[in-house]
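Enquirer: My request is simple: use the sequences and hints to build the entire structure.
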Amino acid sequence: MKVAMIGAGLMGAPMAEKLLEREYDVLVYNRTKSKAEYLVERGADICDSAADAVKQSEIIVVMLSDYYAICETLFKEKIDYSSKKVFQMSTISPGENLILSERISKLGGEFIEAPVLGSIKQVQERELFVLVGSTEKQFEENELFLKAFGDKIIHVGKIGKASALKLALNHLIASITNSFSLSLGYVLENKINVETFMEILRESALYAPTFDKKLDNMLNRDFDNPNFPLKHLLKDVNLISDEFTKSGLFTAQLDGVRETIKKGLQLKNADKDYSSLYNAVHPKKK
Numbered sequence: 024m025k026v027a028m029i030g031a032g033l034m035g036a037p038m039a040e041k042l043l044e045r046e047y048d049v050l051v052y053n054r055t056k057s058k059a060e061y062l063v064e065r066g067a068d069i070c071d072s073a074a075d076a077v078k079q080s081e082i083i084v085v086m087l088s089d090y091y092a093i094c095e096t097l098f099k100e101k102i103d104y105s106s107k108k109v110f111q112m113s114t115i116s117p118g119e120n121l122i123l124s125e126r127i128s129k130l131g132g133e134f135i136e137a138p139v140l141g142s143i144k145q146v147q148e149r150e151l152f153v154l155v156g157s158t159e160k161q162f163e164e165n166e167l168f169l170k171a172f173g174d175k176i177i178h179v180g181k182i183g184k185a186s187a188l189k190l191a192l193n194h195l196i197a198s199i200t201n202s203f204s205l206s207l208g209y210v211l212e213n214k215i216n217v218e219t220f221m222e223i224l225r226e227s228a229l230y231a232p233t234f235d236k237k238l239d240n241m242l243n244r245d246f247d248n249p250n251f252p253l254k255h256l257l258k259d260v261n262l263i264s265d266e267f268t269k270s271g272l273f274t275a276q277l278d279g280v281r282e283t284i285k286k287g288l289q290l291k292n293a294d295k296d297y298s299s300l301y302n303a304v305h306p307k308k309k
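If you're matching positions, the sequence shown starts at 24 in my numbering and goes up one per residue.
Do not take every clue at face value.
Stated by the list, open to error - Distance condition first, Cα-Cα at most 25 Å in a straight line; then the derived DMTMM-like pairs of lysine to aspartate or glutamate:
#: 1; residue 1: K308; residue 2: E218
#: 2; residue 1: K254; residue 2: E218
#: 3; residue 1: K107; residue 2: D48
#: 4; residue 1: K25; residue 2: D103
#: 5; residue 1: K144; residue 2: D71
#: 6; residue 1: K258; residue 2: D247
#: 7; residue 1: K56; residue 2: E100
#: 8; residue 1: K307; residue 2: E282
#: 9; residue 1: K101; residue 2: D71
#: 10; residue 1: K107; residue 2: D68
#: 11; residue 1: K108; residue 2: D71
#: 12; residue 1: K56; residue 2: D75
#: 13; residue 1: K101; residue 2: E133
#: 14; residue 1: K144; residue 2: E60
#: 15; residue 1: K308; residue 2: D247
#: 16; residue 1: K78; residue 2: E119
#: 17; residue 1: K58; residue 2: D48
#: 18; residue 1: K108; residue 2: E164
#: 19; residue 1: K175; residue 2: E46
#: 20; residue 1: K236; residue 2: E218
#: 21; residue 1: K108; residue 2: E95
#: 22; residue 1: K184; residue 2: D265
#: 23; residue 1: K99; residue 2: E64
#: 24; residue 1: K107; residue 2: E46
#: 25; residue 1: K144; residue 2: D68
#: 26; residue 1: K58; residue 2: E81
#: 27; residue 1: K214; residue 2: D239
#: 28; residue 1: K181; residue 2: E125
Just so you know, these hints were derived from the structure itself, not from any lab.
Just so you know, these numbers come straight off a predicted model, no measurement behind them.
Expert: This is the structure:
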């Protein structure tokens, strides 16, 4: 079976590798072609356009940065989606997924919402959570395909529900990282032993595994080789704020997180790991 991988960035490229491991014929389209060329050695074919990749494939997997990029890639050229399945796995809003579903359906295709929770390591180890927005029938028919990316394939509900749940989870990524950065910065400024702080934290109900995962990055201010760039976290927080506000929630806390991330971008951390927001929370002394 031929699968088109649309987007070969930090997540899309290793996802293409997982599909190759399952012996799918994988055609890759990436706007920056050079970033996808190493996949040829793994057995993929590189296409010059999304239209070319889609035309040759039965299944299309979309992993792009935002809604605008998805629309530009999937609809700028005239593409026939007849009898093709489109798995939209990027993080966008519920409303945006509903619009994409309508557009793909009008062009003859089948649309399945399937955002993922996890990052590069989880892709490589096939440990992603895949959140599915679809009919029950679609879920049953496509669960096996999605297991290329992990065993935790969860049917959340109809289209829109999976992306809503993804935004709820991504809110915790932003908020927890920001909160831990503040506490760690305060501990350091008061010359308290960091290991004492961590020992107590690990044994408490306050602990989250991400604290240890990001601790060394923050202590060493080493945010290269990102799992998830800070600029993409800002995109998600903007989406989250809009969607939470629409739901009638009080979102003042998100305003502070957003300003912290913006400060991080001003400090030239846009393409660094999202934990680099620590540089904004706890500025390096000159």
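Enquirer: Hint by hint, say whether it matches the structure.
Expert: Do the hints match the structure? See the list:
For the hint pairing K308 with E218, the CA-to-CA distance comes to about 22 Å; that is within 25 Å, so the pair holds. Between K254 and E218, the direct Cα distance comes to roughly 30 Å. Violation of the 25 Å bound is thereby established for this hinted pair. Of the pairs offered as hints, the one joining K107 and D48 holds, with about 15 Å between alpha carbons and a cut-off of 25 Å not exceeded. Distance restraint check for K25 and D103: the Cα-Cα separation of roughly 16 Å lies within the 25 Å cut-off, and the hinted pair is therefore satisfied.
For the given pair, K144 sits about 28 Å from D71 by alpha-carbon distance, which is inconsistent with the 25 Å threshold. Distance check on the hinted pair: K258 and D247 sit about 20 Å apart at the alpha-carbon level, within 25 Å; holds. Distance check on the hinted pair: K56 and E100 sit about 18 Å apart at the alpha-carbon level, within 25 Å; holds. Straight-line distance between C-alpha atoms of K307 and E282 comes to about 18 Å, which keeps the hinted pair within the 25 Å bound.
Taking the CA atoms of K101 and D71, the gap is about 15 Å. The hint holds against a cut of 25 Å. Proposed proximity of K107 and D68 is supported: the alpha carbons are some 19 Å apart, at most 25 Å. With a C-alpha separation of about 21 Å, the suggested pairing of K108 with D71 holds against the 25 Å cut-off. With a C-alpha separation of about 14 Å, the suggested pairing of K56 with D75 holds against the 25 Å cut-off.
At roughly 17 Å between alpha-carbon atoms, K101 and E133 fall within 25 Å of each other, so this suggested pair holds. Between K144 and E60 the CA atoms are separated by roughly 21 Å; this keeps the pair inside 25 Å, and the hint holds. Restraint check for K308 and D247: satisfied, since their Cα atoms lie roughly 20 Å apart, inside the 25 Å limit. For a cut-off of 25 Å, the pair hint linking K78 to E119 stands: about 24 Å separates their Cα positions.
For the hint linking K58 to D48, the alpha-carbon distance of about 19 Å falls within 25 Å, and the restraint holds. Taken as a hint, the K108 and E164 pair is honoured in the structure, with Cα atoms around 11 Å apart against an allowance of 25 Å. Of the supplied pair hints, the one linking K175 and E46 holds, its CA atoms being roughly 21 Å apart against a limit of 25 Å. Between K236 and E218, the direct Cα distance comes to roughly 14 Å. Compliance with the 25 Å bound is thereby established for this hinted pair.
For the hint pairing K108 with E95, the CA-to-CA distance comes to about 19 Å; that is within 25 Å, so the pair holds. The straight-line distance between the Cα atoms of K184 and D265 is roughly 16 Å, inside the 25 Å bound, and the hint therefore holds. Of the supplied pair hints, the one linking K99 and E64 is violated, its CA atoms being roughly 30 Å apart against a limit of 25 Å. Between K107 and E46, the direct Cα distance comes to roughly 19 Å. Compliance with the 25 Å bound is thereby established for this hinted pair.
Taken as a hint, the K144 and D68 pair is honoured in the structure, with Cα atoms around 24 Å apart against an allowance of 25 Å. Taken as a hint, the K58 and E81 pair is honoured in the structure, with Cα atoms around 24 Å apart against an allowance of 25 Å. About 17 Å separates the Cα atoms of K214 and D239, which keeps this hinted pair within 25 Å; it holds. Using a Cα cut-off of 25 Å, the hinted pair K181 and E125 holds, with the two alpha carbons roughly 13 Å apart.
When the structure is compared with the earlier hints, violations turn up for hints 2, 5, 23 and for no others.
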